[in-house]
Every structure is written in C-alpha cells, then in structure tokens.
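A.B. asks: Each chain, letter by letter, is given below.
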Amino acid sequence: MNVAVQKPRVLFVDDEPRVLTSMKMLFRGAYEMHFAESGQQAIDMLKTQPVDVIVSDQRMPGMSGFEFLRAARDINPHAMRILLTGYSDLNAIIGSVNEGEIFRFVNKPWANDVLSSTVANAVSAARASFAVAQHPEPAHQPHASQTGSEKPAMLVLDDDAKVLPRVQAILGEAYRVFGARTMDEAVECLEREHIGVVVSETRVQNQPVVSLISLLKQHQPQLVTVILTERADAGAAIELINQGQIYRLMTKPLQEVTCRIMVNSAHRHHQQLARTPELHQRYEVEQPAAPPPGAAAPPTVGLLDRIRSLRNWVTGRAASA
Amino acid sequence: MATNRNRERESSVLQNITIAAMVAISLLAYLVFKTLSVDQSLHQQRLGALRTVGSLDLEITRLYFGVLGQDIGINPEEKEELRLDLARAVNALQEGPQALVDLTPELDAAMQAFYETAGTKINIAAEVKASESERLKTLISLPTAARLAAIEQAYQSWYQSKNDDANSYRVALVAYTALLLIALAYLGYRLRMSYYALDKANAGLLEANRTLESQVQVRTKDLTLALHNLKESQAQLIQSEKMASLGQMVAGVAHEINTPLGYARSNAGIVRSSLGGIRELCESQGRALGLLGAANSSEEDIAGALAQAEELRQSVQPEELMGDLDNLLGDTDHGLVQIADLVSSLKDFSRVDRSRNDLFDLNAGIDSALKICNSQMKGRVDVVRYFSKLPEIECSPSQVNQVFLNLINNAAQAIDGEGVITIETLAEKNAVVVKITDTGCGMSEDVKKRIFEPFYTTKPVGQGTGLGLSIVFRIIEEHGGKISVSSKPGEGTTFSVQLPLKQPLAAAA
Chain W
6 MNVAVQKPRV
16 LFVDDEPRVL
26 TSMKMLFRGA
36 YEMHFAESGQ
46 QAIDMLKTQP
56 VDVIVSDQRM
66 PGMSGFEFLR
76 AARDINPHAM
86 RILLTGYSDL
96 NAIIGSVNEG
106 EIFRFVNKPW
116 ANDVLSSTVA
126 NAVSAARASF
136 AVAQHPEPAH
146 QPHASQTGSE
156 KPAMLVLDDD
166 AKVLPRVQAI
176 LGEAYRVFGA
186 RTMDEAVECL
196 EREHIGVVVS
206 ETRVQNQPVV
216 SLISLLKQHQ
226 PQLVTVILTE
236 RADAGAAIEL
246 INQGQIYRLM
256 TKPLQEVTCR
266 IMVNSAHRHH
276 QQLARTPELH
286 QRYEVEQPAA
296 PPPGAAAPPT
306 VGLLDRIRSL
316 RNWVTGRAAS
326 A
Chain F
342 MATNRNRERE
352 SSVLQNITIA
362 AMVAISLLAY
372 LVFKTLSVDQ
382 SLHQQRLGAL
392 RTVGSLDLEI
402 TRLYFGVLGQ
412 DIGINPEEKE
422 ELRLDLARAV
432 NALQEGPQAL
442 VDLTPELDAA
452 MQAFYETAGT
462 KINIAAEVKA
472 SESERLKTLI
482 SLPTAARLAA
492 IEQAYQSWYQ
502 SKNDDANSYR
512 VALVAYTALL
522 LIALAYLGYR
532 LRMSYYALDK
542 ANAGLLEANR
552 TLESQVQVRT
562 KDLTLALHNL
572 KESQAQLIQS
582 EKMASLGQMV
592 AGVAHEINTP
602 LGYARSNAGI
612 VRSSLGGIRE
622 LCESQGRALG
632 LLGAANSSEE
642 DIAGALAQAE
652 ELRQSVQPEE
662 LMGDLDNLLG
672 DTDHGLVQIA
682 DLVSSLKDFS
692 RVDRSRNDLF
702 DLNAGIDSAL
712 KICNSQMKGR
722 VDVVRYFSKL
732 PEIECSPSQV
742 NQVFLNLINN
752 AAQAIDGEGV
762 ITIETLAEKN
772 AVVVKITDTG
782 CGMSEDVKKR
792 IFEPFYTTKP
802 VGQGTGLGLS
812 IVFRIIEEHG
822 GKISVSSKPG
832 EGTTFSVQLP
842 LKQPLAAAA
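Going down the list, the protein sequences come from chains W and F. Under this note's numbering, the letters of the first sequence match residues 6 to 326, in that order. Under this note's numbering, the letters of the second sequence match residues 342 to 850, in that order.
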C-alpha cells in the first residue's frame, strides 16, 4: 500500500523561522516535513496537502495557534494536533481543548527527546486510525453492550453536593446520572455501572483527579472525561489534557446549554471509541513524569488494581456480548 | 414657606378661638345680667313704701274715724302733718328709684285708681271739718286700702313674673355654666394631652441632644473608616491594574524569551547528538591516517580502514552537516543575543537599579517599552519612530516607562488588525514632547472627555479596569507635565505627553 511506504507527514507552524530550522534538523530523515510561518499559510498548505501531525506555536501574529488548529481540524480531521506554547493564558487552553481537540501541549523551551517521542506517538496514532479517522462518523450503530432500551449512564465526580442535582436536572431525561463525592465512590460506581462519560472537578477532597483520570483512560480508553471546574488554572488544564486526555473543559457556573451540548458530544465520542478501538491510540495519555517526592500521593495500589479489574470486567463483558 | 403657612394657620385659629371666647363670655354676661335684673332691696323699698302709704292712710282714716261722731276738733297740726306725710309717701311711689311706674299696665291702672282715690282723700282731709260727718264718712269709706292692695298685688304679680324670668335665666345660666365647664374641662384635657406630647417630644429632644455628640462621633468614625477603605480599595485596584499589565507583559515576555530559548536548547541538543557521528568519523579517519603513516601496516588494512572511513563520511556527510551545525549555532547565538537584549531592556524598563529621580533619555525609555510590547504587535502593527535628539530630563525612569508602555499598549489595542503606530519625540526649550499616534479606531468626543477618569473603560467587563490611562495621567501630573489627546473616530488617536526638563525642587524633595 502506498500509505505504508510513504513517510509520515508532519507540518510545523511557527512565526520564528529559527524554530522551524531547528525542527528540520531535529527530525531530519524521519518524516516528510512541511513548514509554515503563519496560520494562514499553513491552512493554505493543508488544503492541498493533508498531513498526519501538526505541530503549531500558540502565540503568532494574525492567527493564534489555537485558532489555526481549530480551522485545521475542519480541513484535516485525521491529523493529530500538538500545540507548542511559550506561555498560555487559560482561555486559550480551554478554547483549544474544546474546539481544537489537542493531542498534547508542549511547553517552550521543549526537550528534544520529549518532543520527538510526542511527535512519534502522534504519528503512530494517526497511522493506526487513518482509515477510521478519514471517515469519522460512519453509519450510526448502537454499541453492542447498549442494545437495550436503557438510557446511557454517566458519572458526576464532585465533592460539591449541589452539582449532581443540577446536572441531573439538565440531563436527567436523556441519561442516567450517577454521583460520586470521592474517588473511591467513583471507582465503585464505574465497577457497578456501564459508564461512558465522566464529568469531574479537577480536585475532589483536596486531591487532584488527574492521576485517576489518567489511569482510567489507560485502562479503559473508551471512557470520555469532561472537566467541570471553578478552579481552572492553565497548568492543571495542560496536565489534564496531556495526562488525562480530557475531552472537554467547562467552567462553573454550569451553563445548561453548554453542558447539554458537551455531554452529548462526549457521549457520541464515547460510542465511537467503543465501536472503533483503532481510535484509542489517538487519545493515548502521556505517562506522567516521575512524581516528585512529597507530591500528592498517587491513587493507592488497591485503587489501581480495581481499575485494572474494571478493564477485565468490561472486556469480559464485551467479549460475552 | 411651610413655616409661613403654619404661622398663618395658627394666627387664624387664634382669632377664631378669641371670637368664640368673646361670644361665650358675652353670653355669660348677658345671662348673669338677666339673672341679676331682680333687685331684692329695691323690691323691699317698694314694699316698704307701699306699707308706709298703707299705714299713713290707715292712720288718717283712723284719725278721722276717731273724730267722727265725737265732735271733737281735729288737731290741725297733727292732721296737716299726716296729710303731708301721706302726700310724700304717695309721691315716693311715683318718683325716685323705687317708683312703681311703667312696670305693667295693670299696675299703672291700679296706681291711677289709687291716685284718684288717694287724691280725693287728701283733698277731703285737707278741708274737712269734724262736724261734716257726711264727708267724714265718705272720706273714711274711700277704698284707698283696697286700691293700695290692688297696687301691691299688681306689683307682686309683676315682681313674681320678673322673678320667674330671672329664675328661668338662672337655670339657663346654670346649664350654660355647666356646658362651659365641660368645654373647659375638655380644653384642659386637650391641653394636658398636648403638654404630655410636648413633654415627651422635649424629653426625646433632650435625649437626642445628649446623645448627638456621641452619634456624631460614631458617624465620623464610620465615615473615616469608609474613606480609609475606599482609599485602600482604590490603591488595591491601582495595584491590581499594575499587576494585570504586569501579567500581560510577563505573558508576552515569557513567550519572547521561551521561543529563542526553545530553539537554542534544541539546537544545542542537535549539535551534541551530531557530535557522536563526527567523533566516530574523526576516529575512523584518524585510524586510517595512522595506518597510512605506520611502516608495518599492510595494504589491506589501509584499504579497509579507508573504506570504513569513507563509508562513515558518506553517511555523516560532514560538509553538509558542518554547514547545518554552523547554521544551528548561528541561530543559537542569535537567540541568546535576543534573550540578552530582552533581559537588558527589561532591566532598563524597570529601572530598579536607578534612583527615583534621575536623568533619563526618553528615547531609550520608549525603545525598551517597545521591546516589551513587541509580541503584541509583531507582524500586525508597524512602528515608525521619528526620534529627535533629546536632552536628558529629570524624572523617575520606571514611572515614565510605565507611561509609555501603557500608551503604546493602548495604541496597539486600538488597532484592530493591521495598522501603524507613529512615535515622535521633540525637544522644546524647557521640556520634551512625545507624540504617540495610532491608526486605530479612534474615539468620540464623549469618550475623549472621560478617558483619564479612573475606572472608565470601553473594554468589555473583565478585560480592563479602566485605570491604565488614569495612572498615566497621575504619573505625568506628578512629574509636572501635561498630556493631551486628539482623536477622530475611525481615523486614529494621538496622545501628546510633555515633560519638563527639571523637576521643581519641592517635587524632587
């Protein structure tokens, strides 16, 4: 096949040509590289030449990286998107998660090996899902395990007791909405119910949820996470994207319409992931850097085991179905 | 006005009350007068006069009756005296305060009848002689007593009716007095009540008076506290505006630094990893050269070593690689210089290493502010500089830099899409002038009037505190300078800043 022999195509976009020179040297020989010095130029290139991976700077004159990636997603949905940022404000990050569907944020100055492996992961995900991603929404088949008339289930993980009833009020007719106030409760619920979408705060009981979400995504790739937070900060958001592959990020107060749109979209995404495992690699999480000593304790081994068994349970169920 | 109206109303009420009191008093006086119209002593005098007449008449009758038939002479003196007495007494009924005339017609008629009879009697008595028994009998039988009794009866009946009248007036008087007393009691009650209310109000006033001082103190304290809070929150807002512009600046600067840092670091890594191949090539070539130079090396060894070196050379392609690495190192150099430049302009900008009042070249300040704003404008806004040679001015460089940063930021934000910012500096006799002109959206007269007001902003909520230009204004004012603005909607805006060469001594102190 032509695709198999062809080198993966990567598009680099940065307004600083020296960055592009550096990339050219870094990846020389490995990929077929294309370069653009502005978002507009890159869009023009994408229209004639689809690529597998796009690496873009965030802060560029004229069109920001996030605006460009949003446009690129429409033109070339199959391409994996990586955002290179020197400094990002929160709104840009929220925008890029929700509208640009970014695979990774990479901070400037980048480490060559991290950037190389990130691009390599993106390339292999793009290759693995090429055929599927070219046609993202085939015939609408209900998921095997969901043939009954049962409404889809979702989980709200938040220690604020007011959030669950609010979400139930907004979505109650279309979903079975379960609540959890702690991570243990969340895992219990995930064991008990066939949950497709998790809506979570960034911290519960003063613990960041990123490691839980990351583990869940590793072991149950079809699970889709939407973050609903009032303590949004840029660093945590980047971590959640890179390590948790969160699908959407909403800020409190909860907006009814936004919530409905995002959860519906997350549910469709979940169905698609469950249907086509080839896509899973596109949403592969980054392994967190070695946790610094004294940092918040990662989920206990017991929790980890339970999540693993959760996978067995789900796969077993899928096999029997 | 309200008090005037009140006063008018009060005076009319007072008038009405006076009239009512006068009417009440005259009615009372009238009733009392009516009650007093019966004069008891006059009545007694009248009765007395009637008795006197009656007794004199009786005596005359008795006198003449005594002489009748006894044929004794009448003592003329006694007779005359009696006659005169009677005449006097009768007269007394007709004249003087006790006269019984014009009281009632009956009485007058009775009087008339009596007078006639009494007149006849007196006339007869005057000329009658003891011998004239016939006339004496006539005289004696004259009904003076009956007439007199008629008078008395008429008088008594008049008196009775008079008395009855007075009595009925008395009853009315009593009733009226009772009524007045009731009214008075009511008025008294009303008065007492008003006094009570007045007392209460008075007590309240006294109390208020007593606590007024402490209340004033409390209020003053509250107000002082509120003023203090206001000042504090204003200071906080100014601080937060500074922090916001600092944050914006940091975001820009971080990107400006991280980009060259990114490629410099990456290039260094690439050079390092390329060195491995070059080192291998060098070693291999060195080995081949060593074999060539050695006496005991075989042809085959040399050929093998050369072939290996050539093979490595082919794969490494040192000419091309060296050129690339040169380029990378050149880029790295460039990036490091850029970072150094930026850091030094940051230092220039903050001026933390220089005293508050220093001699400062504004052109340098504008340049460092422009470097810091650069990321906002790069590729979007052209900056044109018309700098004249400027004398150094006395100022606080960090504050003046803040002014230029704010003005340039504002100009860049006013430009939607592409545009030009023109910065012109001029030296005047005792001052320097900086004009910053943008080709942005401009502003209306209304907006222009208010731009230096604190908290005035045309940006959406959350995107500006509206303090930027008010801080600019304050800094320039503190430096004894002037700022003016001219603008046309849709064409652009020019800010002119004039700063004096020297600070007045007071400000420098």
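If you are wondering where the hints come from, they were derived from the structure by calculation, not from laboratory data. The reader is advised that the hints may include incorrect statements.
[Claimed, not checked] Computed Cβ-Cβ distance ranges for the label pairs, DEER-style:
| id | chain 1 | residue 1 | chain 2 | residue 2 | range |
| --- | --- | --- | --- | --- | --- |
| 1 | W | Gln46 | F | Ser685 | 28 to 38 Å |
| 2 | W | Arg236 | F | Gln580 | 46 to 56 Å |
| 3 | W | Pro170 | F | Arg791 | 24 to 34 Å |
| 4 | F | Lys829 | W | Gln46 | 28 to 38 Å |
| 5 | W | Pro170 | F | Gly720 | 48 to 58 Å |
| 6 | F | Leu767 | W | Gly67 | 26 to 36 Å |
| 7 | W | Val262 | F | Gln580 | 52 to 62 Å |
| 8 | W | Glu261 | F | Gln754 | 29 to 39 Å |
[Claimed, not checked] No more than 30 Å apart at the CA atoms, straight line, and that leaves these computed lysine-lysine pairs for BS3-like:
| id | chain 1 | residue 1 | chain 2 | residue 2 |
| --- | --- | --- | --- | --- |
| 9 | F | Lys843 | F | Lys712 |
| 10 | W | Lys29 | F | Lys719 |
| 11 | F | Lys790 | F | Lys572 |
| 12 | F | Lys562 | F | Lys572 |
| 13 | W | Lys29 | F | Lys712 |
| 14 | F | Lys790 | F | Lys776 |
| 15 | W | Lys52 | F | Lys776 |
| 16 | F | Lys572 | F | Lys719 |
| 17 | F | Lys730 | F | Lys688 |
Beta carbons are placed, not taken as given, at the ideal position from N, Cα and C, and that holds for glycine.
A.B. asks: Which constraints among the numbered hints does this structure fail? Numbers only, ascending.
C.D. replies: 2, 3, 7, 15 and 16
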